[in-house]
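> The residues making up each chain are set out below.
Number of protein chains: 2
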Amino acid sequence: MTEFKIEINRTPEKKQKPAFDNLEFGKNFTDHMFEMDYTAGRGWHDPRIVPYQPLSLDPAAMIFHYGQSVFEGLKAYLTIDKEVLLFRPEKNMERLNKSNSRLCIPEIDEELALYALKELISLDRDWIPNVEGTSLYIRPFVISTEPYLGVAPSKRYKFIIILSPVGAYYKEGINPVKIAVQNEYVRAVKGGTGTAKTGGNYAASLKAQELASLTGYSQVLWLDGKENKYIEEVGSMNIFFKINGEVVTPELNGSILEGITRNSVLELLKYWDIPVAERRISIEEIYQAHADGQLEEAFGTGTAAVISPIGEFFWDNKKIEISGGITGELSKKIYDTLTGIQKGTAPDPFGWSVKVEKKEAAGIK
Amino acid sequence: MTEFKIEINRTPEKKQKPAFDNLEFGKNFTDHMFEMDYTAGRGWHDPRIVPYQPLSLDPAAMIFHYGQSVFEGLKAYLTIDKEVLLFRPEKNMERLNKSNSRLCIPEIDEELALYALKELISLDRDWIPNVEGTSLYIRPFVISTEPYLGVAPSKRYKFIIILSPVGAYYKEGINPVKIAVQNEYVRAVKGGTGTAKTGGNYAASLKAQELASLTGYSQVLWLDGKENKYIEEVGSMNIFFKINGEVVTPELNGSILEGITRNSVLELLKYWDIPVAERRISIEEIYQAHADGQLEEAFGTGTAAVISPIGEFFWDNKKIEISGGITGELSKKIYDTLTGIQKGTAPDPFGWSVKVEKKEAAGIK
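These protein sequence lines are chains R and H, in that order. Position 287 of the first sequence, counting from 1, maps to 290 under this note's numbering, and the rest follow consecutively. Position 276 of the second sequence, counting from 1, maps to 279 under this note's numbering, and the rest follow consecutively.
Don't take each hint at face value.
Said to hold, decoys possible - Which residues of chain R face chain H? A few of them, derived with a C-beta cut under 8 Å, are: (1) L152; (2) Y188; (3) G202; (4) S239.
Claimed, not checked - The calculated label-pair distances, taken between Cβ atoms and stated as ranges, are: (5) K17/R x K101/H: 42 to 48 Å; (6) N178/H x E213/R: 42 to 48 Å; (7) S285/R x E97/H: 37 to 43 Å; (8) G354/H x T14/R: 54 to 60 Å; (9) P54/H x E213/R: 32 to 38 Å.
Since the hints were made in silico from the structure, they are not lab data. Glycine residues also receive a C-beta, built at the ideal position from the N, C-alpha and C atoms.
Bound-form chain R, shown alone (with noise of 0.2 Å):
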């Protein structure tokens, strides 16, 4: 692996480690972040790692004004022999450049990126949680700076990465979860961000989501955004259904995410040799599937919670029910499957898991 430089600045204070057995997502954050800039002209420049700090940016910073942002979600994972693992890193690293070009951002060295979040890991690799279920969560981000109100991309840019030791994503553990139909609001449309991991498809998410909660759903199934009737996405997660021994997802058609965790199911289940395709779905044939008694599974796939099982849908004022309520056979066995490669505790054929080397924290000054 190639080596850069990076600069270190070390903590002078670390700070009190949350209780691993009680940890919510999100909430608790390592004690240092890797930080490099981009000044048009000069590229990215002056990558380190520093004490985990505010930022302090200018109220004009066009973060603030226009959204021009993008950014990654992945983990690290303990094994029980202390080795530390990550899951397809590289996938995220050029996923996140495919964001960038979307949201004109300019490119990020992927190796650097890689190599940068490997030195930042191994320093505060005391914060990875051994407790089952728990991870250290990485959240790769790159923001705009420049303070200019002008509609135009930003000539300066942060790339950032926060580290956050996290619990199961879902309290409940893996439980099926119920999920509203989204026929008013609309996530994304083929020609606007969705492809991309940029903060302005979340944002447009927390209506429905918010409107769902109220009626007692704990997401939002997405349908497209031209004719209201095909399956996007469910919540922040791609979606996958069982019907009549197939398994489909939709296709990647311009306006959905191309989930790593989608990839790696696609991936296992042909290895498994279960019929898989990736096509249009409307919600009508997922209705019509679960009335011929042929609609066995569903579950979201995402980094976050990996799978999460669907236990019911509404839609059109029609509630059903998916695999009794509980969690189906196969959504568990890919849920084993994965989490086990991530975790080291189940054979890895496809050479998903990324060792984070001892040598390299070691070669930290």
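Using the hints provided, position chain H relative to the given structure of chain R.
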């Protein structure tokens, strides 16, 4: 007017002002800013005017990740009698709350916001430029500040107002711009955030703008996200056409922004007894009207540029020229009237202008 208690902390040292005859848009900021915080359970609190200064935010602050933000834009003008005029500022505060609602941001007291804005302008009154075409651009905005990586509405926000002395938005002055019609990228779709003034809409627009610039066009004409047929907006402005004596503009369809300049132009045209219609307009209709010799004028409307005449469209490999590539008569008349009202040099039969009273300025400790 209701009196509100706003704490004022004056800057110990005033900044050097830029030359008012050579101002760039949105690059210089005044000595002070207004700031108010929101905390769940407590509501909006601590309205205050402080020296213009960087914001210090946790790297996990939600604005950096999930784009939950809204903003407004309006201007203050110095009249020849040294009065300070605002243009329909109550409309901006009304729209700010509409945007807040879409983005799940708690409502702001519109009267307080307007009061705060006037106090801030009074304090930084010396920053209002007095040169032809200049004004003080006002940028109220709200950002989500809770340090939390879960996708949910933030529990903390900041409402901030900053001020920027500006020259004309287009350096060339009111001259027709060339517009490329966008077929691949989309600004917004019904059910999305197109009607709200939120960062994500602007971030989404940058790519198409970049492509247009590469081919020598200064702005993008957005078509609808469903059929890619109907005209929505131009750049970050609303759009009007004069066809055979009638003025038409796209109707408020759930994806375009309800511009305050748009509304003012509509009222002005009605006042002048010029036929006007808000309706669906296809790009084909515009090209056909041009072919029939009936497309008389086209212009964009927005706070920054007020009126921006359009001299050329490029769509489907066909270029059409409008008004012989010069500013149309009606476009010019609207521009002169609106800017006249704004600067207090033309009668204001609508009561649009709002004075910032000097006694308010004197009231500041």
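> Taking the earlier hints as the rules, which of them does this structure contradict?
Going through the list in order, the structure violates no hint and respects every one.
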